[in-house]
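Peer 1: Chain by chain, the residues run as shown.
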Amino acid sequence: MIVGIPRGLFYYYYGDLWTGFLDALGVSYILSEETNREIIDLGMHYATDEMCLSMKIYLGHIASLKGKCDTILVPRIDNYGTKNQTCTNFLAAFDIVRNLFSLEPLTYNINYEKMQTEEEAFKKIGKELGFEEESSLRAYHNALTSINYQRQKCISKNIESLRTEKVKVLVVGHPYNLHDAFIGKPILDFLKKNHVEIIDSNLFHENITEELGEKMQQGLYFKYSKNLMGSIALCLDKVDGIVFLTAFPCGIDSLVNEIAFRYLKIPHIEIVIDELDSMVGIETRLESFIDVLERNGGHEKSSDVSTNGRL
Amino acid sequence: MKKVVTYPQMGDYNVPIYYLLTHILHCEVKKPLKISDRTVELGNKYSPTFVCMPFKYTLGTFLESLEDGANVLIQLGGGCRYGYYYALQQEIIKEQGYTFEFINLVTEGKSDIKKIIKEFRKIDSHFSILKSAYYLFITTKMIKYMDKIDHQIRKNIGFEQKKGEHLKLKQEMLTRFEQNKGYFHLFFTYLSYKRKFKKIKKNKENCLKVGIIGELYTIMEPFANYDLEIMLSQYGIEVTRFTNATYLLFQKKKRVKKYLKKVGKFSKNRLGADALDNVGRLVYLGEKGYDGAIHIKSSFCTPEIGVMPILRRVSEEYKIPLLFFSFDTNTSKVGIETRIEAFYDMIEMRKQNE
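Residue numbers (our numbering), protein chains in the order written: chain X, 734 to 1044; chain V, 32 to 385.
All the pointers check out, no bait thrown in.
DSS-like cross-link-like pairs, simulated, lysine-lysine; straight-line CA separation at most 27 angstroms: (1) Lys293/V to Lys847/X; (2) Lys199/V to Lys212/V; (3) Lys146/V to Lys948/X; (4) Lys125/V to Lys998/X; (5) Lys172/V to Lys289/V; (6) Lys65/V to Lys225/V; (7) Lys289/V to Lys847/X.
Simulated restraints, written as ranges between beta carbons of each label pair: (8) Glu132/V to Leu862/X: 51 to 59 angstroms; (9) Glu866/X to Lys350/V: 38 to 46 angstroms; (10) Glu132/V to Ile763/X: 53 to 61 angstroms; (11) Arg1018/X to Thr171/V: 51 to 59 angstroms.
These stretches of chain V come out as covered by chain X in the derived footprint (C-beta under 8 angstroms, 3 or more residues): (12) 74-83; (13) 297-308.
Hints were generated in silico from the structure; no laboratory data involved. Here the structure is a predicted model, which means the values were calculated and not measured. Note that beta-carbon positions come from the ideal geometry of N, C-alpha and C, so glycine has one too.
Bound conformation, chain X alone:
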């Protein structure tokens, strides 16, 4: 039995956990390719035209997996408690896929309000794949430990890069946008090419960002947007500029980014990407943004020198 894992949305949060789990159980799986034009066209074909770009790409990944696997892993993540809701696309993806592709995905339903925890979800998957509860639990916990270890390493590296002397930019965006080969990667690559140190807004300890996010704006209840808000609060005085990266038309970002803008006194830029965008226009905007940052940085340094000189 081959499990298909689409490389989109949830994958960037939990993908390593899934692959670790399936590896430990010895189940073979197939990952869809990195996003390319073909996948986007497939996604556009299946999706409703008003869906957000990330969702369109996700559906494209599923379409590309069709016929290559026996079952597919499309989770449904309802909430992590009342104060930690998720985007409604995360709730609906499971049923959208069932209706669009007439596939029956594995049952993976997380709803902490109704005590359906992640552990329960993995137990259910294990059962559907024909494993006993004990072995799937063991596999889950093993995978979780190694994931946590790796995440810890990434977080320390991310925090380490906050201390460099280079121009530092916090890139705020959902991981499924930031690390997607079509949406975020070209932008991150471009920033790197221009000697900008990138701080990933998702690589911080969640309990810290959650608390900071709540402090910054009361009443946020979408888990991921709250964490992003917290990461902004955390880095506010440590970075030179902030890039907001959004897929068109992300419902939550449209409001949360606007709220965040009103707190910011450092240079920031919002980049909204849809499926027709060319990289050229974005590069021009990013270039001038980097120019502003460098001038700001240089200005501070030169003023330091002048005062020193006078003294």
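Put chain V on the given structure of chain X with help from the hints.
Peer 2: Below, chain V alone, put in the same frame as chain X:
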């Protein structure tokens, strides 16, 4: 400073809300203006680019009320990003230089009664819980009666002999409701108007039946859907609509459970906001042999966009024609009329062929 309370405008529900607020608060209450082109323009000007339409409408209403001297704004919140509205609207209005207080009745999709009472105490030190409980009871009854009457109107308005009779009578009823004195008075007013509505002469036989489903604000605020119900009634169509305040306040929880059992084939889970309800309703319309259904929403409404592929499959399986509308602030009415006309021709031909 004297406090002047106001709230967002939605359909005819400003009557019961006005009634409630004037009776429980000891300060001035300002009725929001009906939504006009200016409201939309104001809201549009200060809103983010791809926010959904209710945000723009409510923001526009607030700005208009603030111009008129209101300084306490009441906003609700819901299951989707509706709950984030107040945070941004507060900031936007602050930037316009107004001093005001903002009361958010629903946080994180749930309302905390203790917190609400605390907030009301802040505006009005004489706020009495017992009195407000009594008036809240009357208001809920008023909303229920209004919705019942509305249901009847939707069924019959297309077939009245004298044009405009229903709407005139309804307006009369709403003014009577506004001057209501106590529960029994309300009940008898309702009964008498129910009788009056029944007496209206109509010639109705074997008509087309269409159900309207979709996002709640667009459905309930006639300005937002370009008077779709009236437009349909002019073609002699009987309109059924499910979303109203009674549904949202009292019936939703029960119905969702029922729908979940019924539509398991299409959707096994809740889909956020009213999305699952709409699947259930479309299945219902299909089973009852309706001639068509219209799904309306504001553009960028994520839950409703997500449910569209599912609705499409339901409509295929139940063979019920389904028309999608996505309204934004600059949709033109003419385009909608054309599409409705084509839809009407189609469902009529279908009916004749049967």
